[in-house]
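**Q** So the chains spell out like this:
Protein chains: 2
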Amino acid sequence: MSKKEKNFVKEITPMEEDFSRWYTDVVIKTELADYSPVKGFMVIRPYGYALWEKIQQFADERFKATGHKNMYFPLLIPENLLNKEKEHVEGFAPEVAWVTKGGNQELTERLVVRPTSETIICHMYSKWLNSYRDLPYLYNQWCNVVRWEKTTRPFLRTSEFLWQEGHTLHETEEEAQAETLQMLEIYRQVAEELMAIPVVRGQKSEKEKFAGAKATYTMEALMHDGQALQAGTSHNLGQHFTKAFDIKFQDRNGQEQYPYHTSWGISTRLIGGLIMVHSDNRGLVLPPKMAPVQVVIIPIAQNKEGVLDKANELLRKLKGKGIIAELDSSTENSPGWKFNQYEMKGYPIRIEIGPRDIENNQAVVVRRDKPGKETIPLDNIENTISGMLEAMQNELFEKAKAHREANTYEVEDYEQYKKDLPNRPGFAKMMWCGDKACEDKLKEETRATIRCIPFEQEDLGHKCHICGKEAKHMVYVARAY
Amino acid sequence: MSKKEKNFVKEITPMEEDFSRWYTDVVIKTELADYSPVKGFMVIRPYGYALWEKIQQFADERFKATGHKNMYFPLLIPENLLNKEKEHVEGFAPEVAWVTKGGNQELTERLVVRPTSETIICHMYSKWLNSYRDLPYLYNQWCNVVRWEKTTRPFLRTSEFLWQEGHTLHETEEEAQAETLQMLEIYRQVAEELMAIPVVRGQKSEKEKFAGAKATYTMEALMHDGQALQAGTSHNLGQHFTKAFDIKFQDRNGQEQYPYHTSWGISTRLIGGLIMVHSDNRGLVLPPKMAPVQVVIIPIAQNKEGVLDKANELLRKLKGKGIIAELDSSTENSPGWKFNQYEMKGYPIRIEIGPRDIENNQAVVVRRDKPGKETIPLDNIENTISGMLEAMQNELFEKAKAHREANTYEVEDYEQYKKDLPNRPGFAKMMWCGDKACEDKLKEETRATIRCIPFEQEDLGHKCHICGKEAKHMVYVARAY
Numbered sequence: 001m002s003k004k005e006k007n008f009v010k011e012i013t014p015m016e017e018d019f020s021r022w023y024t025d026v027v028i029k030t031e032l033a034d035y036s037p038v039k040g041f042m043v044i045r046p047y048g049y050a051l052w053e054k055i056q057q058f059a060d061e062r063f064k065a066t067g068h069k070n071m072y073f074p075l076l077i078p079e080n081l082l083n084k085e086k087e088h089v090e091g092f093a094p095e096v097a098w099v100t101k102g103g104n105q106e107l108t109e110r111l112v113v114r115p116t117s118e119t120i121i122c123h124m125y126s127k128w129l130n131s132y133r134d135l136p137y138l139y140n141q142w143c144n145v146v147r148w149e150k151t152t153r154p155f156l157r158t159s160e161f162l163w164q165e166g167h168t169l170h171e172t173e174e175e176a177q178a179e180t181l182q183m184l185e186i187y188r189q190v191a192e193e194l195m196a197i198p199v200v201r202g203q204k205s206e207k208e209k210f211a212g213a214k215a216t217y218t219m220e221a222l223m224h225d226g227q228a229l230q231a232g233t234s235h236n237l238g239q240h241f242t243k244a245f246d247i248k249f250q251d252r253n254g255q256e257q258y259p260y261h262t263s264w265g266i267s268t269r270l271i272g273g274l275i276m277v278h279s280d281n282r283g284l285v286l287p288p289k290m291a292p293v294q295v296v297i298i299p300i301a302q303n304k305e306g307v308l309d310k311a312n313e314l315l316r317k318l319k320g321k322g323i324i325a326e327l328d329s330s331t332e333n334s335p336g337w338k339f340n341q342y343e344m345k346g347y348p349i350r351i352e353i354g355p356r357d358i359e360n361n362q363a364v365v366v367r368r369d370k371p372g373k374e375t376i377p378l379d380n381i382e383n384t385i386s387g388m389l390e391a392m393q394n395e396l397f398e399k400a401k402a403h404r405e406a407n408t409y410e411v412e413d414y415e416q417y418k419k420d421l422p423n424r425p426g427f428a429k430m431m432w433c434g435d436k437a438c439e440d441k442l443k444e445e446t447r448a449t450i451r452c453i454p455f456e457q458e459d460l461g462h463k464c465h466i467c468g469k470e471a472k473h474m475v476y477v478a479r480a481y
Numbered sequence: 001m002s003k004k005e006k007n008f009v010k011e012i013t014p015m016e017e018d019f020s021r022w023y024t025d026v027v028i029k030t031e032l033a034d035y036s037p038v039k040g041f042m043v044i045r046p047y048g049y050a051l052w053e054k055i056q057q058f059a060d061e062r063f064k065a066t067g068h069k070n071m072y073f074p075l076l077i078p079e080n081l082l083n084k085e086k087e088h089v090e091g092f093a094p095e096v097a098w099v100t101k102g103g104n105q106e107l108t109e110r111l112v113v114r115p116t117s118e119t120i121i122c123h124m125y126s127k128w129l130n131s132y133r134d135l136p137y138l139y140n141q142w143c144n145v146v147r148w149e150k151t152t153r154p155f156l157r158t159s160e161f162l163w164q165e166g167h168t169l170h171e172t173e174e175e176a177q178a179e180t181l182q183m184l185e186i187y188r189q190v191a192e193e194l195m196a197i198p199v200v201r202g203q204k205s206e207k208e209k210f211a212g213a214k215a216t217y218t219m220e221a222l223m224h225d226g227q228a229l230q231a232g233t234s235h236n237l238g239q240h241f242t243k244a245f246d247i248k249f250q251d252r253n254g255q256e257q258y259p260y261h262t263s264w265g266i267s268t269r270l271i272g273g274l275i276m277v278h279s280d281n282r283g284l285v286l287p288p289k290m291a292p293v294q295v296v297i298i299p300i301a302q303n304k305e306g307v308l309d310k311a312n313e314l315l316r317k318l319k320g321k322g323i324i325a326e327l328d329s330s331t332e333n334s335p336g337w338k339f340n341q342y343e344m345k346g347y348p349i350r351i352e353i354g355p356r357d358i359e360n361n362q363a364v365v366v367r368r369d370k371p372g373k374e375t376i377p378l379d380n381i382e383n384t385i386s387g388m389l390e391a392m393q394n395e396l397f398e399k400a401k402a403h404r405e406a407n408t409y410e411v412e413d414y415e416q417y418k419k420d421l422p423n424r425p426g427f428a429k430m431m432w433c434g435d436k437a438c439e440d441k442l443k444e445e446t447r448a449t450i451r452c453i454p455f456e457q458e459d460l461g462h463k464c465h466i467c468g469k470e471a472k473h474m475v476y477v478a479r480a481y
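Here the protein sequences come in this chain order: A and B. The opening residue of the first sequence carries number 1 in the working numbering; numbering runs sequentially from there. The opening residue of the second sequence carries number 1 in the working numbering; numbering runs sequentially from there.
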């Protein structure tokens with residue numbers, strides 16, 4: 001191994017040494033994103049954006065299959081609209097960017113760069129909606145939003161991020177609730193089926209819910225370091241906004257009614273989760289369904305007769321099977337350098353093929369998530385590889401799930417929990433009385449928060465672990481990103 | 001026809017009466033877009049956004065097939081970056097929105113909401129680029145931009161619009177020029193092959209080129225009213241920005257060089273062009289490849305036995321052929337109301353099917369762009385309809401081309417041109433000496449501008465039609481949107 005190659009691998013800080021630096025190293029060195037000249041704003045580089053495109057495509061298909069259509073609302077929102085829903089403005093006003101000048105003129109009313117679009121969308125819905133016949137409104141937009149964050153990290157928390165925000169209106173409360181849960185289920189599919197990230201689904205506490213929501217539902221994932229990540233939320237907004245914005249429709253009896261309202265979103269933050277669930281000290285690990293390139297073929301001794309021909313034949317076979325494959329026949333770098341490069345970038349499978357392999361009608365195959373090499377016959381290799389990709393997708397999910405399970409535990413005693421927590425990250429399950437006082441105390445004393453009241457409740461006794469009073473819910477508690 | 005139905009049709013102002021109101025009526029009444037509470041900003045409604053998705057999909061596929069990848073850069077650009085390229089800042093500074101406050105803090109440096117992203121992208125490219133081996137950089141982003149416009153119109157000119165902006169770097173001047181023209185060719189395909197809008201391609205004059213470009217290439221389309229629309233531009237930026245932003249690479253001889261640079265964009269403005277090229281006094285006309293729904297089936301006397309079954313069977317047949325079809329079996333509105341509704345919204349084909357049709361094994365078919373009805377057999381109807389859609393796509397293009405040709409004429413005498421112009425809109429072909437003085441004079445005296453120096457030059461004499469001096473180019477002149 002040359003000096004250059006060694007340095008190349010050394011570039012990523014081991015996660016045991018400094019998890020936060022490991023994360024940043026993976027993001028920056030694999031060219032997923034970079035810091036921009038505006039503090040807190042990131043540049044999403046092509047390799048990172050390709051991951052976002054996978055998420056968009058998968059989610060958008062499911063939004064459309066469930067009857068949703070896309071639309072686009074203005075980036076800038078007049079201050080007076082933001083002010084209309086009381087909880088909402090209190091939640092968002094402290095963290096927005098203000099446009100105060102357009103061209104050479106001071107504006108008479110300041111404009112907010114959207115932190116989310118409920119207000120401007122509700123303003124327009126109130127103009128458009130007439131009758132129950134127009135309902136449901138099932139609309140979504142893919143866009144950028146800005147929230148002026150003090151501490152930022154690429155993908156996980158940035159002052160600008162990309163997301164989708166769905167905004168629906170319904171005739172009845174039941175329909176709105178069903179929509180809220182349907183969208184959370186689609187988000188689960190995005191996390192688990194596409195990204196191989198297992199999630200716990202549940203309801204947010206009053207304190208943690210979206211500013212202006214009646215109820216917020218969430219999916220929470222556990223990272224390598226035992227911290228939680230809120231990976232997507234779906235809000236039942238009740239009639240809070242529809243009343244504040246005077247959205248009305250004529251119901252089936254000719255009476256005026258306020259419709260029921262939902263909103264839901266996932267964002268580029270998911271890419272942060274993807275990294276912190278699957279990657280390792282050698283760099284990215286990508287589940288095959290997320291990988292911009294699933295298989296890279298690296299010819300060995302490619303100047304020897306027949307090697308490149310065979311490598312190209314292999315490439316065609318894989319592509320013919322619908323596998324996203326590439327052949328790296330560049331001559332500037334050695335095969336060893338290429339191995340490191342593609343490992344760091346998380347290509348799921350690498351195939352090496354040289355003169356001796358060809359002689360034996362075989363190829364050497366390396367799965368990114370497993371140690372060692374495997375030799376497989378060239379006959380039907382496209383089916384073998386296809387099966388390996390499928391297995392890898394499933395195994396990454398199972399591995400992440402096992403990690404979560406190993407790091408999920410029941411709290412027996414709150415004082416003991418506080419002592420143990422610094423050395424025992426992960427999801428702590430405990431009973432909670434439902435009072436904000438206990439929630440505040442928990443956060444103050446441990447920096448951990450109630451991640452959710454999970455749909456799958458367990459009986460861990462009838463007393464709140466924090467105050468000892470009658471318990472209402474079993475909750476998942478963790479420190480979170 | 002009931003009163004309600006008559007009113008329904010009357011809602012669109014005839015274009016002969018007031019072209020500008022006709023345009024706005026089509027946009028608003030067919031629910032493509034709406035005015036927003038922020039002056040100059042529009043809401044793109046789902047039906048309008050579906051058109052943008054068709055454009056995105058068609059273009060993005062071709063960008064990727066030519067080796068481009070997508071990425072995403074920050075919305076906000078520090079003032080000092082905008083100031084780095086002199087012509088660029090002069091062109092854009094007067095029309096940008098300024099963010100001066102983030103959260104509760106006044107910013108120490110004002111931020112511009114991107115009007116285009118050359119500056120921030122070049123800043124990052126200068127950090128990333130090392131060697132000729134990294135070139136070419138073939139990157140694009142789909143995003144929103146803001147330009148503070150004084151006079152706005154939905155789609156055609158709005159203070160915020162959606163677009164894509166490609167930004168590429170190349171080793172040689174020749175490659176950059178080839179890229180610039182390749183992207184213009186892809187834009188031509190978007191306009192002509194997808195949207196059925198014929199375009200004239202050529203080069204912009206020095207006065208009309210992009211602020212900071214070496215050369216700007218454009219495609220220009222002619223609207224119903226004889227005004228031109230700049231429908232897409234591709235810029236060869238030479239080394240203007242790469243020098244200003246100190247972007248360098250080591251060339252094949254180990255020498256430091258500045259790369260050659262291009263940028264290119266199309267936007268939601270194209271939807272304005274689509275409307276003004278194909279639509280009529282009854283509303284939208286959509287070329288089949290652009291239509292969110294290509295065929296609507298309307299059952300007649302649908303309460304009669306067998307009608308809905310047959311309509312559903314027909315729907316399945318069409319979908320099986322890959323046709324985007326819908327069945328409107330709603331009972332609130334009469335078939336007549338539905339006919340008007342779908343005509344206004346520009347559905348390319350409507351199929352009516354009732355008991356008598358079923359008896360005769362036929363259906364009634366109406367093409368949106370042609371008068372009259374046609375009766376066709378139900379056997380193989382999916383093939384008949386598929387053929388009709390294809391014919392309609394081609395005929396709309398040919399019709400638009402014939403309209404353009406009928407409204408393109410050679411100027412013989414400039415004084416006569418000035419007199420005739422108010423009653424003779426369209427493309428005027430004339431000879432030009434190349435001097436800005438003549439260009440300025442033309443604009444001042446006629447409000448018409450040089451749209452482009454077309455690639456297909458014609459010989460209309462050797463004297464500039466404006467000043468009489470030696471002519472350099474044949475140009476297309478028109479009043480424009």
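No wet-lab data here; the hints were simulated from the structure. Hints are not guaranteed to be accurate.
To be verified - Derived DMTMM-like pairs (lysine to aspartate or glutamate); straight-line CA-CA distance at most 25 angstroms: (1) A/Lys150 x B/Glu79; (2) A/Lys64 x B/Glu61; (3) A/Lys69 x B/Glu87; (4) B/Lys214 x B/Glu395.
Note that this is a predicted model, so its numbers are computed, not measured.
**Q** Run every hint past the structure and note whether it holds.
**A** Consistency of the hints with the structure:
1. A/Lys150 x B/Glu79: Given that 25 angstroms is the threshold and the Cα spacing comes to 21 angstroms, the pair holds.
2. A/Lys64 x B/Glu61: 20 angstroms, holds
3. A/Lys69 x B/Glu87: With Cα atoms ~41 angstroms apart, lysine 69 of chain A and glutamate 87 of chain B exceed 25 angstroms; violated.
4. B/Lys214 x B/Glu395: Status violated; Cα separation ~38 angstroms.
Hints 3 and 4 from the list above are not met by this structure, while the remaining hints are.
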